[in-house]
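Undergrad: Sequence:
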Amino acid sequence: SSLSQAPPFNLVETGAREGAWHGDDYRLKMFGVFLAASNREHSELTFGGYKQEHIVAGEQISWCKAYDEQHGHWQIAVKSITADGLRLPFCEDGTCRAVVDTGTS
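Counting from 1, position 91 in the sequence shown corresponds to residue 585 in the numbering used here; the numbering is continuous, with no gaps.
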């Protein structure tokens, strides 16, 4: 996939070819990134899914399609922008995109 710098750096696909993930369970090719919000917790990367304890009680995970993967980054659609509790009049037509970056590279 072009969402990796080069094919050897695509851990999920390389791992699958080498037999690290067994079976057809889609979660085996999933990973979760948790970014700590304070010094009282630790950021972590989880392979083979995500940790439910990192989901706010009563909330659900929201899955987003990655667009234009040939550009080599995770680009998602933006439906609205809110700042300081105020919804701003941008991106309401659904044509805006944003790049997701953990800043860990």
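Be aware that a few hints might be false.
[What the hints assert, rightly or not] Straight-line alpha carbon distances no greater than 16 Å define the calculated EDC-like cross-link-like pairs of lysine to aspartate or glutamate that follow:
1. 573 x 563
2. 559 x 547
3. 573 x 586
4. 559 x 535
[What the hints assert, rightly or not] With beta-carbon atoms standing in for the labels, derived distance ranges:
5. 578 x 513: 43 to 53 Å
6. 532 x 568: 40 to 50 Å
7. 577 x 531: 11 to 21 Å
8. 512 x 577: 25 to 35 Å
9. 558 x 538: 32 to 42 Å
10. 579 x 557: 20 to 30 Å
11. 578 x 500: 38 to 48 Å
12. 575 x 513: 36 to 46 Å
Worth flagging that the hints you see were computed from the coordinates, not collected in a lab.
All of these numbers come straight from a predicted model, not from anything done at the bench.
Yeah, the Cβ is synthetic: ideal placement off N, Cα and C, and Gly gets one too.
Undergrad: Are there hints from earlier that the structure breaks, and if so, what are their numbers?
TA: 1, 2, 4, 6, 8 and 9
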